[in-house]
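Engineer: These are the residues of each chain, in order.
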Amino acid sequence: MGLESKLGNMGVVTARLEDIVNWGRTNAMWPLGFGLACCAIEMMSAQASHYDLSRFGMELMRASPRQADLMIVAGRVSRKMAPVLRRLYDQMPDPKWVLSMGDCASCGGVFNNYAIVQGVDEIVPVDVYVAGCPPRPEALIDGIVKLHEKVRRSHPLKGDREPIRG
Amino acid sequence: MSVGIFETIRTRFPEAITASSEFRGETTFVVQPDQLIAVCTFLRDDPAWRFDLLSDVSAVDHFPARPRFAVNYHLYSLENNYELRLKVWLDGEQPQVASVTSVWPGANWHEREVWDLMGIKFGGHPDPRRIFLPEDFLGHPLRKDAGQFYEEPQFMHNFDLVESQKAYAKE
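Same order as they appear, the protein sequences are chains A and B.
Residue numbers for the first sequence follow our numbering, beginning at 4 and rising by one.
Residue numbers for the second sequence follow our numbering, beginning at 1461 and rising by one.
Don't take each hint at face value.
Unchecked claim - List of simulated lysine to any residue pairs, SDA-like, C-alpha gap at most 20 Å: (1) A:153 with B:1630; (2) A:83 with B:1579; (3) B:1581 with B:1564; (4) A:83 with B:1595; (5) B:1626 with A:153; (6) B:1547 with B:1485; (7) A:83 with B:1589.
Hints are computed from structural coordinates only; laboratory data are not their basis.
One chain only, chain B, in its complex shape (with noise of 0.2 Å):
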C-alpha cells in the first residue's frame, strides 16, 4: 500500500514528498509545509485512497536540533482500513503551517490543542484560541524551552523561604 500511494503522490505532486519512512507497517511522508494543503486534499479525495478521518494532530518539539518542531497528522481510511502519518517540518521561534480545516473540520479543536501547548500557528485556522489553558495563560508549556513551571516543595530545611513566597488568599 505505502508504495503504491508514495508513487501515486510522487507523479501528481513531484515536490511535496521529502522523504519516507516504514516502521512496523506504519508507513510516514514527511510533507513540505507549501504543499500540505494539496496533498490532504488529494488524499481525502482520490477513489484509491480516501483518508476521510484525521484522527489526530500532534506535534512534536526536538530542541535543539534544526529544524525544530515535527506536526504529526494521522490519517484513517474508514472504506479501506489504510493508516498514514503525514509529517511537517517546522523551524523557528514563532512557527506556522496551514490549517487543515478546510480539508477535514475534526481538526479545529486537534490544532488548537497543538497552538495552546506547543505553539505552532496554523494559518487560516476559523478559531485559533487556546484549549486548554487559560486565555492569559504566558508561553506554551510543552515546548522544552518553556522554563520550569514549577514550586519549590516545602520541607522543613525550607519551610520558612517557601512560606513567604507564597501567596495566601484574602477574604
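Excised from the complex, chain A in its bound form (with noise of 0.2 Å):
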C-alpha cells in the first residue's frame, strides 16, 4: 500500500520545477544546532519524541554551519556573541533561513540592557519571529510550518522574500 497503489501504472508524475525544488526544501530542512539560552531547551524538547519534529524531516541538527538550511536563534544573543552568530549565518550554504526564537532573540526581551543585542535583526536578516519566554515547542513548530509555507510560496531560484502575517 505504498504510493505505487495511487500512481497506477503511469510510471510519471508531471508537476513544476519550482514546487518540486520547495517541497525538497522545506521537507528536509536541517537546522542549525545553536542554542544560546533557556528557548534551547524548548528546542530541544521540539526535537524529541513528544513533539517530534522529524515528521518535517527536521530531526538533524547540524553541528555545522556548512550543512544547515536554517539558524534557530533559540535564546538571548550578548553583543560579545554577536560577531559569533554572523559568522555562523555567513558560513551556512544559500539558501538559508532565520527562525527569531522567544522575545530575547526577537527584541531584547527583558534584558533591555549593554549586554543583549536588541533584537537578532540587528545581525542577520531574519524570516519567522516566534513570541513566547521561551515559546512552547508547539509555538515553535508553528513558526517551523509558517517558514515553510513562506519557502513553498517564494520563487527557488530569486528567493523573494515578501513577509508572512498571521
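These two chains come separately, so use the hints to put the complex back together.
Structural biologist: If you want it as C-alpha cells, here you go:
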C-alpha cells in the first residue's frame, strides 16, 4: 500500500519544477544546532519524541553551519556573541533562513541593557519571529510551519522574501 | 581575631590601615593604596594568619561622593578559617591601584572583571584586557555615570519613531 498503488502504472508524474524544489527544501530543512539560552531547552523538547520535529524532516540538528539550512536563534544574543552568530550565518550555504525564537532573540525581551543585542534582526535577516518566554514547542513548530509556507510560496531561484502575516 | 590582626598590622605597617569596622562578625580594614601589596604579602605569609585564598575582588562606585571608588578584597584563610575584607579607596576618573596578582595569581580574572565593568586600572597586571564585554566596547557600564545602555521600547504610540531608528541587518 505505497505510493505505487495511488499512481497506477503511469510511472511519470508531472509538476512545476519550482514546486518540487520548494517541496524538497521544506521537507529536509536541517537546522543549525545553535542553542544560546533557555529557549534551547524548548527547542530540544521540540526535537524529542513527544513533539517529534522529524515529522517535518527536521530531526537532524547540524553541528556544522556548512550543512545547515535554517538557523534557529534560541535565546538571548549577547554583544560578544553577535559577531560569532553573524559568522555562522555567513558560513551557511544558500538558500538559508533564520528563525528568531523567543522574546530575547526577537527584541531583547527583558534584557534591555548594555550586554544584550536588542533583536537578532540587527545582525542577520530574520524570516520568522516566534513570541514567548520561552515559546512552547508547539509555538516553535508553528513558526517552522509558517516558514515552510513562506518557502513554498517563494520562487526557488529569486528567493523573494515577502512577509508572512498571521 | 580582628583585634589581634589589627594590632599585628599596626605594629608592622603603622601607616597602612586608616580605619576598621566590624559588622556581624565580618571585619573590614581600610588600607592605604600604596601599602596594599606589602599588607597582602604579609597577611598571606605570616604563620599566625595565612590568608592564602583571595575569594573575590569587587568594586563599588560611590558617585558623587569623594573618594569615589572602593575596591574590596575578600581574603580567606583555609588553615585557620578566618575571613577578612580589605578596602582601598580610590579617587578620580582614571583610578589605579597596584595589582595583587603577584600575591595571589587567582586575582588575575577578578581584576580583569573590575577593570571591564568599573574601569579601575590595576598597575602591573599581566593581562589587562576586558573579560566579559567585547574588546571594542566603549566605557565601563557599572559606573554610575556610565549613561543609559537602553533602547526605547516599541509601543503603538511610538512605533514609527523607534522603527526608523532601528538598524536592520542586510543579507
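Engineer: Hey, residue 83 of chain A versus residue 1595 of chain B, does the alpha-carbon distance stay inside 20 Å?
Structural biologist: With a Cα-Cα distance of about 9 Å, the restraint between residue 83 of chain A and residue 1595 of chain B holds, given a limit of 20 Å.
Engineer: Hint check: residue 153 of chain A vs residue 1630 of chain B, CA-CA at most 20 Å. Holds or violated?
Structural biologist: Roughly 19 Å separates the two Cα atoms, so the pair holds.
Engineer: With the threshold set at 20 Å, check whether the alpha-carbon distance from residue 83 of chain A to residue 1589 of chain B stays at or below it.
Structural biologist: 14 Å, holds
Engineer: Holds or violated: are the alpha carbons of residue 1581 of chain B and residue 1564 of chain B at most 20 Å from each other?
Structural biologist: 17 Å, holds
Engineer: Between the alpha carbons of residue 1547 of chain B and residue 1485 of chain B, is the straight-line distance 20 Å or under?
Structural biologist: 16 Å, holds
Engineer: Next pair to validate is residue 1626 of chain B with residue 153 of chain A; report whether the Cα-Cα distance is within 20 Å.
Structural biologist: 24 Å, violated
Engineer: Verify the proposed pairing of residue 83 of chain A with residue 1579 of chain B, using a straight-line Cα cut of 20 Å.
Structural biologist: 18 Å, holds
The structure does not agree with numbered hint 5 stated previously, though it agrees with all others.
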